[in-house]
Each structure stands twice: as C-alpha cells, then as structure tokens.
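Colleague: Now for the letters of each chain:
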Amino acid sequence: MNMLKVPLQIFRYKPGQTPGYDTFTVEIPATAHVIDAIDAVWTSHDHSLAFRRACHHSSCGSCAIRINGLEKLPCVTRVTDVWDGRSQVRLDPLRNFPIVSDLVVDMADFFRRMSAADMAMICEAEAFLPFTVDTFAVADLEPKLVELPENFSRFTRFEKCIECGICMSACPTMAADEKFLGPAGLAAIHQARKKTLDPVKVEHLLGLADGEHGVWRCHSAFECTEACPQAVDPAGKIMALRRELIARRFLKMLGK
Amino acid sequence: MSTLNYRKLSRSGRWLDVRRRRLGMWAYVLNRITGLGLVVYLYLHLGVLSLLLRGPAAWDSFVAVARSPYVLALDVILLAGILIHGLNGLRIALTGFGIGVGAQKALFVVIMVISAVALWVAALKIFRV
Amino acid sequence: MPDLLELNDGLFVAITEADLVFKDRFLQGCAACHVPAREISVEHALAVEPFLNPKILAAIQVPDGVFEPFRFCLAFLATAQENGATIRTYSEVTDLLCAGKNVTGVRIRDQHTGKQEALKVDLVVNAAGPWAGEIAAKAGVGVPEIPTAGVMVALDCRLNNLVLNRLNKPSDGDIIVPQRATSVIGTTSWAVENPDLITIPPEHVDRMITQGQQLIPAVKKVPMRAKMAVARPLIARSGIAARELSRTFECFDHERDGTNGFVTITGGKTTTARAMAEKVSDMVCRKLDISAECRTRDTPLCSYRLFFQQRGSRNQSFVGAPGDRSSGRECFR
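Sequences listed follow chains A, Y and L, in order. Residue numbering for the first sequence follows my numbering, starting at 1 and increasing by one per position. Residue numbering for the second sequence follows my numbering, starting at 1 and increasing by one per position. Residue numbering for the third sequence follows my numbering, starting at 1 and increasing by one per position.
These aren't lab readings, by the way, just hints derived from the structure by calculation. From a predicted model like this one, the values you see are computed outputs, not experimental measurements. Don't take each hint at face value.
Stated by the list, open to error - The list that follows gives simulated cross-link-like pairs (lysine-lysine, DSSO-like), each with its CA atoms no further than 30 Å apart:
1. L:K279 with L:K269
2. A:K144 with L:K23
3. A:K201 with A:K144
4. Y:K105 with A:K160
5. L:K221 with A:K144
6. A:K201 with A:K160
7. A:K144 with L:K55
8. L:K220 with A:K160
9. Y:K105 with A:K194
10. L:K120 with A:K14
11. L:K220 with A:K144
12. A:K252 with A:K160
13. A:K179 with A:K14
14. L:K269 with L:K138
15. A:K144 with A:K179
16. L:K279 with L:K169
17. L:K115 with A:K14
18. L:K220 with L:K169
19. L:K269 with A:K160
20. L:K169 with L:K221
21. L:K221 with A:K160
22. Y:K105 with A:K179
23. L:K169 with L:K138
24. A:K14 with L:K169
Using the sequences plus the hints, can you model the full thing?
Modeller: Put into structure tokens, the structure is as follows:
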C-alpha cells in the first residue's frame, strides 16, 4: 500500500483561547480521503481535536469543512486531489456559522431554518436508473427505465440535500444577514412546497419564501450551486420560487 | 456551550472575501462596487450640473477642466462602471426571473467581453476628442 | 419513521447453481420468521432492476428498506433529549469512578473546553458499541465483545432501487444497498484490536468490487465515491469465526461479576435497536427498583433536527409550517 506523509494545518479554537492553527503530519494511504487524515490526527496525535463525521459517504452531511479555503465534504475528497505534494493542506470550519470548537460549528440555527421549511427527507425516486449527483459517473452507462413491482406505485429515495451547510458557508448574503433563510432553507422550502398538496401549508411556505429574509435577499452570486456537493442547485430553486411568487402576484392583480 | 464568531471583517464587509469563489461571486462583487461607484458619481454629477445655475463663466471653466486627459480617463472608468453594472444588471434580472440560470457563468463572460469591447471603442473615441 | 426509510423491498438473487440449491431453505426460513417472501420471474426482476446481472437463475422479493444512517440515530437522541436526557457530545469517557468494586460514575474530558469532569450517577449503562469491552475493562470486568470491522464501498451513482442480496449464506460482498444517489457494496468481516484506527485492506475493497459485479455487472464502470470501515460489536462465541457470528445482542448485569452500578448492552444490529433498548431498560428499572413498563415500541420519534436545535446557544425562532414535525410536543407521550 502506497503511503503518504501529509502535512495538515488545522484551525484550532477552544472557548476562552485565541484561535490559531496547529500543524500535524500524518501518514495515510495514498487512496485515503481527507477525513481519514483528520481521523489519523485525532487517533495518533491530538485527542482534543473536535470535528464532526459519521457516514463517510456524503450521506449525513456532518463533516463539511473548508479545505484550502474551499467548502468540501472531506469524506469524499481524496487527499491527492487537494494536496500538491509539498504545501500544507489547510482545514478551516465553515464560514457564516458560530464556531463551537476547532472544526465544529453550531448547527442549531441552521436546523431551525430546515425545520421551518419542514422538508421531509424522503421523496419520489426517478423513473430510471442510474441516478446520480455527478453526471460524469454515468458517462458510460445508458439510462434505463425501471418497471415497478405490482405492490408499488412508486419507488422512494432520500432527498439529495444532506443538510451539510456548505451552501450557507459559500453564500455572501448569509455573511451579511443573520436571519436569511439561506440557500439550504429556501431550497428546502421549494422541495417541501413541491411535495405538498395542502393549500394551507403551501401558503405558509410561500409566505416564508416571500418574507423579509426569503428569496428576495438573494443577490445572485450563485456560489451555493457551485459549492453544493450534492448538485441540489439551491440557486435554481430560489429562482423557481421567485417565478412562482411573481406568477401568483400577477394572477392576484388580475383578480384570480 | 459557548461559541465564538471570529471574523476579521465586520458583518457588512464579509462579501469582500472572494478567496476561492467563482465567477458568480465576482459578478456580485463587481456589481456592488460599480453600484456604489455610480451612486457616488450621481452625487458628483448633480453637484457639477448645479454649476449651470452659476452662469456661463462657471460652466465654461468646468468644461475646460473636464477636457483634461485625467478627467477623460475618469470618464472611461465611469463608462466601465455603467457597462458592467448595466449589462450585469440585465443578467441578474434574467436569472432572477429564472431565465438562463444554468448559463449564468457564460452570460457573465459574454457581458464582460461586450463591456471590454465597447469600452475599448469608447475609449478610443473619447481620447480622440 | 417513514421519512427516514427508503422502503423499496429487496431481492435475493441466485447467481450460481449452489445459490439455487439454497432457495428452498431460504423460503422456509422466511416462512418460519413470518417474512413474506415470494419468488418472482427472472424477467420481472430484470425489468424492475435493469442493472441486475442478466444471468441470474432465480429471484425472491422480500420486504426491505434502507435507512438514513445518521439522521436515524439522531432521531433517537432527539427524542431522548425532548424527554429530559442531557447529551454530552465531544466528551470522551476517560475513566469510570469506582467505590471499591462498584461503579459510581464516569470521568469525562469535554473536548469543547478541554476540561475534565467527574459525573456521579446511580447507574452506568455501557452501550459503547465496539468500545464496550474497553469501557468494561475500566471497571475491571470482562465483556465478550469483539470489535469486528467490515468494509463498505460507495459508488458514484445509484444502480438499484431494491436492496440486492446474494441468495446464499452470508459472505463477503453479498449485498448492494441503494441509498440516495449511491449504491453501497458490502461487506467483509475481521476482528480488530483498536476500533479507533482501522486500516482498510485494499484486497477487501477489491473483493467488494469483484463480488458486486456478480450482482450488478455495471459496478465495473462506476467510479468509487468512498470506502469506509467501522467496527461492529459482535458477541464472541468460542469456536466460531468472525464471519459466522450472529448478530444477537446481550445484556450483562455486572453485579454478577461483583461490580454493582454497571450494566453492559452490546451486540445487535440497528434493526434490533429498540428491542435492545427495551431489554436494558427493563434491567435498569429492576436494579433501580422502578416499576414501569418500557414504552419504546409505542413511542414515535421526534424529528432528528431537534437534536441540533436544542443544543445551540442562540435562540432564533423561525415560524414552523403548520403541522410540522419539528414540534417537540408530538413525541411526548
């Protein structure tokens, strides 16, 4: 197994102390992902390093951090993709979140937004396979329609969004407006609205989107869509919400 | 659990941190800067126009200054601001209505190219005065 | 918890003649456990799962599902929190406090602050999973728990909707689990010394890819998104190899070892989580002289999002949608 000695520069902060960076060099397999390197720091160097991770396959969204300044999921980012072989790999927590400790940020307000949108994590699966967030993965495979077994009216899958917070970190409006629902919150509102038939709930969701900290605070930086590791396209969903809100206003003006 | 919000920039200035950001963010930043610039210019412009109230002598002496190459250069910068802000504004208006969201980066590149070309042509004309 | 489960059924498919021979035994086993299994035609199986190996000899459809791993666990934690539990994250148990041979509490290091704390309690329940043996050792007792690691490989795209299994006894790489936008091939099994540091043997990864192709040949064409390994807590039985150990769970009251105030619950699979909770809760109540019935089988879980919401330091309120599941009151019974 080919091993690498990778230097990491990790942001450190404990309450009451000045924030700073610590450097560690870890020995990991060449095929390892960045999260494995962080794990190695914790196991072999410094047990006090606080970081979040769980599923190790971009499903839970816990591990989101900034690697060399750019928001990524370290569990699916190979070390060789972010390391040039010489310089240190810098790890920082996400922007626009309060920092709890080291790489851990406070997700409470983020989840309050997601609760307000109340998007169910399950949705209808596509009528074909393969399904992916990365179009390159299926370059070699022809999409095929699936037939449903007789006891099924539809297949289900989990929503693409894994609530990692990367879009919130990349968004300049999140930096400026504390109460902005954010690309994650607004994308969730869009998804929740798509899935509901209850008119009361629809009104409520669109009201949130139309509100003071809703879709109109977006100033089209599109960084959220760029940074999203799951191809959720929050910017597209924000614009879709705007279209719906404007259409409704027009219809109301015309007396419908 | 105590939390810390450390930022070197104040909340209103954080959008200036463009490190590792992509084209969409650059469009955002340019739009803000040109917007602020144009607002400043608007006040200057109104102030300058008020010279008209002071009669031909005041206006003529201003025009003499206005023809100097330094001011002409500023005019070119102003034009750059107008082009970028105006054309990007069109892009934002389109994408804000959900039109061309997928092509937003390409649109920005096209806008910058048009601005550059128009600016070059205009600069040539301005300096041949 | 319908929101946290993809319930698309599962298929057990026979690739070889040996698999085919296993079919009857499998169907009988399902019937004995009241699992509704029905054989479907190979054509139907291939229509439902177009990327399934076209050379399969038989297919059996069973009820099955896939859960959202992290959120599923968080839903339990959120419900505990809503019912008064305090959950200390980033806190490592460095020692057990003892008075004589009895356990009286735990010493933790809270990595938020870096400070050590001593927590005195009535009873310590050791539910530390693969670390159960390590924790028990701090009290001077033994637990027959072997951290047993397994490798899983997640692909860059989802190639199936049903959980695909090899119709035979458990073996390496005999299952492909769809989830969200990926398909996960699993798994292997080997005992590890240190659950904190598991090196993934590259031959295990290769085996996943090779075995996976038996179920879905297209596995060969899809890049690997991630590979992960974690240790499961298996209960050791003398003379049985790691691969064959069943996933039963057991509850140990260490009073029988002379150490009171300490109970271990270990083994098991996620699907038996509530049964394990019931067993250990009943034991805890007996030890603490509380007569109450365990209500877990009837308690709906709260939204996993509440786990984070209650812990934050700031208190912004966003008005929830009417009837949203995040209301804490819904999970109070």
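Colleague: State for each hint whether it applies.
Modeller: Evaluation of the provided hints:
no.: 1; hint: L:K279 with L:K269; result: 14 Å, holds
no.: 2; hint: A:K144 with L:K23; result: 29 Å, holds
no.: 3; hint: A:K201 with A:K144; result: 35 Å, violated
no.: 4; hint: Y:K105 with A:K160; result: 23 Å, holds
no.: 5; hint: L:K221 with A:K144; result: 15 Å, holds
no.: 6; hint: A:K201 with A:K160; result: 22 Å, holds
no.: 7; hint: A:K144 with L:K55; result: 18 Å, holds
no.: 8; hint: L:K220 with A:K160; result: 24 Å, holds
no.: 9; hint: Y:K105 with A:K194; result: 27 Å, holds
no.: 10; hint: L:K120 with A:K14; result: 25 Å, holds
no.: 11; hint: L:K220 with A:K144; result: 17 Å, holds
no.: 12; hint: A:K252 with A:K160; result: 33 Å, violated
no.: 13; hint: A:K179 with A:K14; result: 26 Å, holds
no.: 14; hint: L:K269 with L:K138; result: 25 Å, holds
no.: 15; hint: A:K144 with A:K179; result: 43 Å, violated
no.: 16; hint: L:K279 with L:K169; result: 28 Å, holds
no.: 17; hint: L:K115 with A:K14; result: 10 Å, holds
no.: 18; hint: L:K220 with L:K169; result: 24 Å, holds
no.: 19; hint: L:K269 with A:K160; result: 26 Å, holds
no.: 20; hint: L:K169 with L:K221; result: 27 Å, holds
no.: 21; hint: L:K221 with A:K160; result: 22 Å, holds
no.: 22; hint: Y:K105 with A:K179; result: 28 Å, holds
no.: 23; hint: L:K169 with L:K138; result: 37 Å, violated
no.: 24; hint: A:K14 with L:K169; result: 50 Å, violated
Violated hints, listed in ascending order, are 3, 12, 15, 23, 24; each of the other numbered hints is respected by the structure.
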